[in-house]
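> With the hints as constraints, model all of the structure from the sequences given.
Those protein sequences? They're chains U and X, same order as listed. Heads up: the first sequence begins at 0 in numbering that gives the first Met the number 0, then just goes up one per residue. Heads up: the second sequence begins at 0 in numbering that gives the first Met the number 0, then just goes up one per residue.
Incorrect hints may have been included.
Each pair of labels, with its calculated beta carbon distance range [said to hold, decoys possible]:
1. X:I11 / U:S65: 18 to 26 angstroms
2. U:L13 / X:R51: 44 to 52 angstroms
3. X:I11 / U:V40: 38 to 46 angstroms
4. X:P18 / U:L13: 54 to 62 angstroms
5. U:R69 / X:L71: 39 to 47 angstroms
6. X:M64 / U:A130: 27 to 35 angstroms
7. U:E138 / X:W59: 18 to 26 angstroms
8. U:V90 / X:N21: 28 to 36 angstroms
9. U:D64 / X:A67: 31 to 39 angstroms
10. X:R44 / U:L13: 22 to 30 angstroms
11. X:L28 / U:K93: 37 to 45 angstroms
12. X:M64 / U:P121: 42 to 50 angstroms
13. X:E79 / U:A88: 37 to 45 angstroms
Listed next, the in silico SDA-like pairs over lysine to any residue satisfying Cα-Cα at most 20 angstroms (straight line) [to be verified]:
14. X:K42 / U:L152
15. U:K93 / U:S65
16. X:K42 / U:V40
17. U:K32 / X:Q48
18. U:K32 / X:V41
19. U:K93 / U:Y63
20. X:K42 / U:G30
21. X:K42 / U:S65
22. X:K42 / U:D157
23. X:K42 / X:A32
24. X:K42 / U:P11
25. X:K42 / U:R164
26. U:K32 / U:L21
27. U:K32 / X:F58
28. X:K42 / U:W27
29. U:K32 / X:R47
30. U:K93 / U:R120
None of these hints come from the bench; they were simulated from the model. The model shown is predicted, which means the values in this text are computed figures rather than measured ones. Quick reminder that beta carbons are idealized off the backbone N, C-alpha and C, glycines included.
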Amino acid sequence: MSSTAAQSAVPPPLIAVAGWLLPGLGYWLLGQKNRAITVGVTVLLTFIGGVYIAGIRVMDVPGYDSLGRRVLLATPGGPQWALVARPVAEVLNKPWFIGQIMAGPISIIGSYASLEAASPRPDNPRQEGVAASHGRLAEIGTLYTAVAGMLNLLAIIDSSYRAGRREQP
Amino acid sequence: MSDLLPLLQSRIPFVHPAPLWNVWYWLLLPLCAAISIVYKSVKCRHMRQVPREAAIIFFWILAGMAAAAAALAILVRLLER
Chain U
0 MSSTAAQSAV
10 PPPLIAVAGW
20 LLPGLGYWLL
30 GQKNRAITVG
40 VTVLLTFIGG
50 VYIAGIRVMD
60 VPGYDSLGRR
70 VLLATPGGPQ
80 WALVARPVAE
90 VLNKPWFIGQ
100 IMAGPISIIG
110 SYASLEAASP
120 RPDNPRQEGV
130 AASHGRLAEI
140 GTLYTAVAGM
150 LNLLAIIDSS
160 YRAGRREQP
Chain X
0 MSDLLPLLQS
10 RIPFVHPAPL
20 WNVWYWLLLP
30 LCAAISIVYK
40 SVKCRHMRQV
50 PREAAIIFFW
60 ILAGMAAAAA
70 ALAILVRLLE
80 R
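Set out below in structure tokens:
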């Protein structure tokens, strides 16, 4: 019964945010530690596995080109960042990023690292610092990272639902 | 292979792609395992049920993939005739 009382103390939105910040943390806050560790470790390993398979450039960040520079669009008010000028179209150009971002802050760290890696070297400003992977490995790496995020979304929804239902684990 | 050697030696893990070009189809297994484990962790009421349930669905996913691959291979053969 005390477990039920402890669960009801954590509001579902907080559980959802916690689950995004660290995969599995939502379950942990509900007192379901085994479930939290299983889900968290699996999601993180899947995401890291995707980066290992395809390299860090598997994170293809909307609003940036292959050289890691902001894409600017000509607008009546002057050049504007594409992610600000037309955010929906820009994100839909790279829909796999929606899945990747659901894996939590690790995807933001990965995106930053990807943009850093893409930056051209001083000796060749027209070429990517680290080339993006292509072919099957790029597809599989993208699939791993996006699936990791979607699995975490599943866990976020489930843990929030459990928090709202206020039942025993 | 001699052409690939300098590339492999200069490869930094997690920055460059892993040298898995020839074994890419085996990468299906860890992904299926991850999906099975997380899905059953969400679905099962008690965590002690998860290993068995995840193993069952893992093999069902693989069987489904194999069946889909076989069906598509047959379709391709028929279309190529």
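> Each hint: holds or not?
Hints versus structure:
no., hint, in the structure
1, X:I11 / U:S65: 18 to 26 angstroms, "19 angstroms, holds"
2, U:L13 / X:R51: 44 to 52 angstroms, "33 angstroms, violated"
3, X:I11 / U:V40: 38 to 46 angstroms, "25 angstroms, violated"
4, X:P18 / U:L13: 54 to 62 angstroms, "43 angstroms, violated"
5, U:R69 / X:L71: 39 to 47 angstroms, "41 angstroms, holds"
6, X:M64 / U:A130: 27 to 35 angstroms, "31 angstroms, holds"
7, U:E138 / X:W59: 18 to 26 angstroms, "24 angstroms, holds"
8, U:V90 / X:N21: 28 to 36 angstroms, "35 angstroms, holds"
9, U:D64 / X:A67: 31 to 39 angstroms, "36 angstroms, holds"
10, X:R44 / U:L13: 22 to 30 angstroms, "24 angstroms, holds"
11, X:L28 / U:K93: 37 to 45 angstroms, "27 angstroms, violated"
12, X:M64 / U:P121: 42 to 50 angstroms, "46 angstroms, holds"
13, X:E79 / U:A88: 37 to 45 angstroms, "39 angstroms, holds"
14, X:K42 / U:L152, "14 angstroms, holds"
15, U:K93 / U:S65, "13 angstroms, holds"
16, X:K42 / U:V40, "17 angstroms, holds"
17, U:K32 / X:Q48, "15 angstroms, holds"
18, U:K32 / X:V41, "13 angstroms, holds"
19, U:K93 / U:Y63, "11 angstroms, holds"
20, X:K42 / U:G30, "17 angstroms, holds"
21, X:K42 / U:S65, "40 angstroms, violated"
22, X:K42 / U:D157, "9 angstroms, holds"
23, X:K42 / X:A32, "15 angstroms, holds"
24, X:K42 / U:P11, "18 angstroms, holds"
25, X:K42 / U:R164, "15 angstroms, holds"
26, U:K32 / U:L21, "13 angstroms, holds"
27, U:K32 / X:F58, "27 angstroms, violated"
28, X:K42 / U:W27, "16 angstroms, holds"
29, U:K32 / X:R47, "13 angstroms, holds"
30, U:K93 / U:R120, "25 angstroms, violated"
Checked against the numbered hints above, the structure violates hints 2, 3, 4, 11, 21, 27, 30; every other hint is satisfied.
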